[in-house]
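Asks: Once you've looked at the hints, dock chain B against the given chain A.
Line order of the protein sequences matches chains A and B. Under the working numbering, the final residue of the first sequence carries the number 357; numbering is consecutive throughout. Under the working numbering, the final residue of the second sequence carries the number 487; numbering is consecutive throughout.
These are computed hints drawn from the structure, not numbers from a lab. Treat each hint with caution, since some may be false.
Claimed, not checked - The calculated lysine-lysine pairs, modelled on DSS-like cross-linking and capped at a C-alpha distance of 30 Å, are:
| # | chain 1 | residue 1 | chain 2 | residue 2 |
| --- | --- | --- | --- | --- |
| 1 | A | Lys257 | A | Lys300 |
| 2 | A | Lys336 | B | Lys442 |
| 3 | A | Lys336 | B | Lys462 |
| 4 | B | Lys442 | A | Lys17 |
| 5 | A | Lys154 | A | Lys82 |
| 6 | A | Lys76 | A | Lys4 |
| 7 | A | Lys356 | A | Lys257 |
| 8 | A | Lys171 | A | Lys300 |
| 9 | A | Lys257 | A | Lys82 |
| 10 | B | Lys442 | B | Lys376 |
| 11 | B | Lys464 | A | Lys336 |
| 12 | A | Lys257 | A | Lys119 |
| 13 | A | Lys126 | A | Lys271 |
| 14 | A | Lys352 | A | Lys17 |
| 15 | B | Lys442 | A | Lys352 |
Unchecked claim - If you anchor each label on the Cβ, the simulated ranges turn out as follows:
| # | chain 1 | residue 1 | chain 2 | residue 2 | range |
| --- | --- | --- | --- | --- | --- |
| 16 | B | Asn444 | A | Ser58 | 52 to 62 Å |
| 17 | B | Asp393 | A | Ser335 | 50 to 60 Å |
| 18 | A | Leu12 | B | Ser371 | 26 to 36 Å |
| 19 | B | Asn444 | A | Arg260 | 19 to 29 Å |
| 20 | B | Glu479 | A | Asn3 | 49 to 59 Å |
Note that the Cβ used here is the ideal one computed from N, Cα and C, for glycine as well.
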Amino acid sequence: MGNKTALFQKHLDAGAKIVDFSGWDMPIHYGSQIEEHHKVRRSAGMFDVSHMTVVDISGAEATAFLQKLLANDVAKLTLDGKALYSGMLNVNGGIIDDLIVYRTDPGYRLVVNCATREKDLNWINKHADGFPVEVEERPEIALLAVQGPRAVDKVTSFLKGATAESVRNLKPFRSLAQDDWRFCRTGYTGEDGLEIMLPEADIASFWQQLLSEGVAPCGLGARDTLRLEAGMNLYGTDMDENITPQEANMGWTVALKDDRKFIGRQALEAKNTSHRLTGLIFRGRGVLRGHQEVITPDGKGEITSGSFSPTLGFSIALARIPAGDYKTVKVLLRSKEVEAEVVAPPFVRNGKAVFKQ
Amino acid sequence: MMSNTPEELKYATSHEWVKADEEGNVTVGITDHAQDLLGDIVFVELPEVGSLVAATDEAGVVESVKAASDVYAPVAGEIIEVNEKLNDSPELVNSDPYGDGWFFKIKMSDSADLDNLLAADEYSEQCESE
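Looking at chain A on its own, in the form it has when it is part of the complex (with noise of 0.2 Å):
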């Protein structure tokens, strides 16, 4: 039995499949992952992402604290509310996690991956020591992601006058604290939505009334397909420890402007990079999928995450490859060698083919 969520049982009365994430039980879909994944591209629909890991850092020096911990700056997070994706990166460049840092009054709020949960506070603790800040986790905090063109709709649509009005205002990477909740213009699918930090205690009434209005309850299954389409990488799956974010298709989240001393910097700027990460499609018969082995004219490279895209209605994958330019690759897919072609990701969004060759 693993750890369960503030909506186990609102899971199971939706006709969740179940499964263990990372030593939590949680739905993998509610019958078709398709057609979570299709309610999400074309109307609305939620996922409990309450196994995520919420730490709040506070006092005196926490931004100084985060422009150390944190490859990206906070510094640019100038409004309370504001949001920034970043890598947290080991002293040789290897992306420990990547996670979304709010401004929050008075400090700052970290959303980390729930694998990744215990070294990214054990790697936190161990840097704060000496810092006059203070590392809080909140697991009181659950976190409801309602996504789609619909989604702030629905949303909003159960919220009071002024503050629904300001949700609806809300821009992308802005959220907005009323009360215990706090709302993010943030997701991981590529379409609008909104993320939800509210009290466990709140979230099984606002799933209740969101599923009164049509909200689709979708699982870890489609929004693995829908981050994939969406071209954002997966932790464990496209980066990891020994891969940079140069790597990983995550420059643009390094901060390299002014001097900033941030942990992993000297081993960046020292560092060839000779893969990248980019996107992949196939439009045959089949479908691409992680480790499968990927042949260019200048070396060997590897799919790191595959699968089908439903919105595409054919195969789409995340691969490192050495650095170079080709229009195609050749992938090994079940003992057949394919072409595949070479794009750059995204590959769908809102609800649209983006990919450019």
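Replies: Using the frame of chain A, we list chain B on its own:
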């Protein structure tokens, strides 16, 4: 959730079901248990009509969003028909595994092969112990 395992069919340990008729032909598909484990099915590769298969030979491939899996011939013989509908509508395997989601038909070379297959209760036991 209990899978559906019809009494009147025979089963292979590799999760195919077999329905034999009086002329020595069998229809083959994958079980409800198998389709449930695979999840949404997106491609099916079928054997060539006219090809000869031995029992336990690979005779097709089923790919879901989650995984790819071989489909084996439960008995030896000649492939006499395949379910072309699966090329455009692979989801039939999910929605109707024992009906419209059938894969292929084999003209058996030796009907004694059927004796090597499992009865419904034996197959259910195997699924439960997995």
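Asks: Against which earlier hints does the structure fall short, listed by number upward?
Replies: 1, 6, 8, 17, 19 and 20
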